[in-house]
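> Chains as they are written, first to last, in the numbering used here: chain A, 1 to 138; chain B, 1 to 551.
Covered stretches of chain A, as calculated for chain B (at least 3 residues, CB under 8 angstroms):
#1 61-73
#2 110-121
Restricting the straight-line Cα-Cα distance to at most 20 angstroms, the calculated cross-link-like pairs of lysine to any residue (SDA-like) are:
#3 K483(B) - E73(A)
#4 K546(B) - Q45(A)
#5 K483(B) - G72(A)
#6 K485(B) - E73(A)
#7 K84(A) - E122(B)
#8 K453(B) - P119(A)
#9 K453(B) - G120(A)
#10 K311(B) - P274(B)
Quick caveat, the hints were computed from the structure, so don't treat them as lab data.
Nothing here was measured: the structure is a model prediction, and the numbers come from that model.
No residue lacks a Cβ here, since even glycine has one placed at the ideal position from N, Cα and C.
Listed here are the chains, written in short residue letters.
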Amino acid sequence: MTTEQRTIRVLIAKPGLDGHDRGAKVVARALRDAGMEVIYTGIRQTPQMIAEAALQEDVDVVGLSILSGAHGELFPRVVEELGKRGISPEDVLLFGGGIIPEDDVPALKAAGFKAIFGPGTSTQDIVAYVRDNVGERV
Amino acid sequence: MPSRNTQEWRDTTLAKSLARAKERQPAFESTSGMPVEPLYAGEALNGWNEQEQLGYPGEFPYTRGVQPTMYRGRFWTMRQYAGFADAEESNRRYRYLLEQGQTGLSVAFDLPTQIGYDSDAEVSEGEVGKVGVAIDSLADMETLFNSIPLEQVTTSMTINATASVLLAMYVAVAKKQGADLAKIGGTIQNDILKEYIARGTYIFPPHPSMRLITDVFAWCKDHLPSWNTISISGYHMREAGCTAPQEVAFTLADAIAYTEGALKAGLNVDEFGPRLSFFFACHNNFLEEVAKFRAARRLWARIMRDRFGAKDPRSQMLRFHTQTGGATLTAQQPDNNIVRTTLQALAAVLGGTQSLHTNSKDEALALPSEHAVQIALRTQQVIAYESGVADTIDPLAGSYYVEKMTDDIEQRAMALIEKIDALGGAMNAIEQGFQQREIQEAAYRLQMSIESKERTIVGVNRFQTEEPPHEGLLRVDTSVGDKQKARLAKLRAERDAAEVTRLLGRLEAVARGEENTMPVLIECVENYITIGEICNVLRKVWGEQKEFAVY
Numbered sequence: 001m002t003t004e005q006r007t008i009r010v011l012i013a014k015p016g017l018d019g020h021d022r023g024a025k026v027v028a029r030a031l032r033d034a035g036m037e038v039i040y041t042g043i044r045q046t047p048q049m050i051a052e053a054a055l056q057e058d059v060d061v062v063g064l065s066i067l068s069g070a071h072g073e074l075f076p077r078v079v080e081e082l083g084k085r086g087i088s089p090e091d092v093l094l095f096g097g098g099i100i101p102e103d104d105v106p107a108l109k110a111a112g113f114k115a116i117f118g119p120g121t122s123t124q125d126i127v128a129y130v131r132d133n134v135g136e137r138v
Numbered sequence: 001m002p003s004r005n006t007q008e009w010r011d012t013t014l015a016k017s018l019a020r021a022k023e024r025q026p027a028f029e030s031t032s033g034m035p036v037e038p039l040y041a042g043e044a045l046n047g048w049n050e051q052e053q054l055g056y057p058g059e060f061p062y063t064r065g066v067q068p069t070m071y072r073g074r075f076w077t078m079r080q081y082a083g084f085a086d087a088e089e090s091n092r093r094y095r096y097l098l099e100q101g102q103t104g105l106s107v108a109f110d111l112p113t114q115i116g117y118d119s120d121a122e123v124s125e126g127e128v129g130k131v132g133v134a135i136d137s138l139a140d141m142e143t144l145f146n147s148i149p150l151e152q153v154t155t156s157m158t159i160n161a162t163a164s165v166l167l168a169m170y171v172a173v174a175k176k177q178g179a180d181l182a183k184i185g186g187t188i189q190n191d192i193l194k195e196y197i198a199r200g201t202y203i204f205p206p207h208p209s210m211r212l213i214t215d216v217f218a219w220c221k222d223h224l225p226s227w228n229t230i231s232i233s234g235y236h237m238r239e240a241g242c243t244a245p246q247e248v249a250f251t252l253a254d255a256i257a258y259t260e261g262a263l264k265a266g267l268n269v270d271e272f273g274p275r276l277s278f279f280f281a282c283h284n285n286f287l288e289e290v291a292k293f294r295a296a297r298r299l300w301a302r303i304m305r306d307r308f309g310a311k312d313p314r315s316q317m318l319r320f321h322t323q324t325g326g327a328t329l330t331a332q333q334p335d336n337n338i339v340r341t342t343l344q345a346l347a348a349v350l351g352g353t354q355s356l357h358t359n360s361k362d363e364a365l366a367l368p369s370e371h372a373v374q375i376a377l378r379t380q381q382v383i384a385y386e387s388g389v390a391d392t393i394d395p396l397a398g399s400y401y402v403e404k405m406t407d408d409i410e411q412r413a414m415a416l417i418e419k420i421d422a423l424g425g426a427m428n429a430i431e432q433g434f435q436q437r438e439i440q441e442a443a444y445r446l447q448m449s450i451e452s453k454e455r456t457i458v459g460v461n462r463f464q465t466e467e468p469p470h471e472g473l474l475r476v477d478t479s480v481g482d483k484q485k486a487r488l489a490k491l492r493a494e495r496d497a498a499e500v501t502r503l504l505g506r507l508e509a510v511a512r513g514e515e516n517t518m519p520v521l522i523e524c525v526e527n528y529i530t531i532g533e534i535c536n537v538l539r540k541v542w543g544e545q546k547e548f549a550v551y
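Whenever a hint applies, use it, and build me the whole structure from the sequences.
Structure representation (structure tokens):
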């Protein structure tokens, strides 16, 4: 352990055509208030755009928010695009949030998402989760 | 000795009681942050003029309601927003709802349809049929309204950037049914400004977007006189986090922008004013919400009369649809959502809504199941037929608190409208990110007050229980995308390709010029040109709008 810790860098992204950005913005702000560096993409991002932003911004964490029900298709595609850029779910902490039925969570976890946060989640729980689970950076 | 006024009561009776036991919190405020006093009495309305502030139902300033009979004439329209998967599936749900006693239709479209992409476009992958029904061409629209006589129902369509295309399709279906267009009633949302602010399904930059909207105003005036050409919406801004006074202010500021746009396009205020309609959310703070609706009505009447010189009373009437608050629903203990929805629906009715959608208990988890939708509709029916609140007009009028709150919301909303005016109007304010920032701030404040437990959400931050996994949730068949793709391939193979090319060329010429876009759009859809093909031409001519302000 070093005393000088690198600030955690987080990408919060909205994949797909869904415009519901309240949750994404609240989470982005809470992580920022907790001292992390947060890049928020805005809405209507393709998996390619998200993966490219993750690469360019050299983030430790990628959080995806979706309320349109397209998570089953879009979340794995983001992982795939990250992979094409040499980033595996071991390199970045992936989490998701939105209206995501419990039945869908195992498949998303298998795709590399470490946690899925539903409505009513406290942002403090998300902050703590990110702190506790972000990988050691070299 | 009894107290002679509120101050005396505060100083004596109340003070004595408070000396023994404090109130349960240091200060009280409404959900929107407005201070709430322990008691409202006559002094709260000092200088208040009943004639000026209330008037009578069906009379200026319409505080008490837009119709002279209100629900004694007929109940509000019970209109459940529905649509998922393909047109066939949604048509089944509509016919089910009509059989259950629903009185109007409300169509939810999927995101590709809302943003002008066909189901086989790359960006549509995973989104087809998810948040609403997938409509690519008139063929889908014909299926959607199969066996539903459009002369006999009114249909509300939640569609904005592509509103004129979907309206063109609706008109085409009505014509095929042999309907008299003068009898065709319904609403398109057609409100692009709140898309830029909160909802996100815009396509084009402001100028051509505004042109599409005013083209609809102008065309409907002559050809579809009973149609509500726009539903100016506060709902999505409220859902995104703003407060009740902000909801009123941002909505009416948008309405002012549309009115100015139409005037600039050469229309007379009383030609389009009567067809403007509104759409608000209803959240949990019961009396604040009732006051909000009354304040909005009064404020709009004054704006139309005094600012725009509208003479026709119908131009001054704020007619609105209400949807209960989706963002107030909890994934925890979802049965509690039935109670929340009941309170919200009751507030909307006491606020004088013209139509109402009640959310289903499972919507924080998934699209609603048929059973949950039925409970939601029954909630409205119980309020209408059993509660008695619909039997007299505006029964909360004269309540010291409700009237004070109505005045306060109107004043706060007016101050915000003045601020937006100073920024150059709604569109300029959006470009500067003003409304977006206000909404984001309010959303964050609310979230923090829940996390600090200053605000209680039952089942979420208090009174939690262990819950079994939720069952019986609706799942949209993932084969919908493939089915739509196959239908599109067949459609494209069977159409008159030369006619398609000719019409798309004609559409491009109209888009570059100034003539009204509606006639050519109707001709395009009648020839089975798809929504994606139409919007791709318009994108080429007008360009695409990027998100205005991202923080």
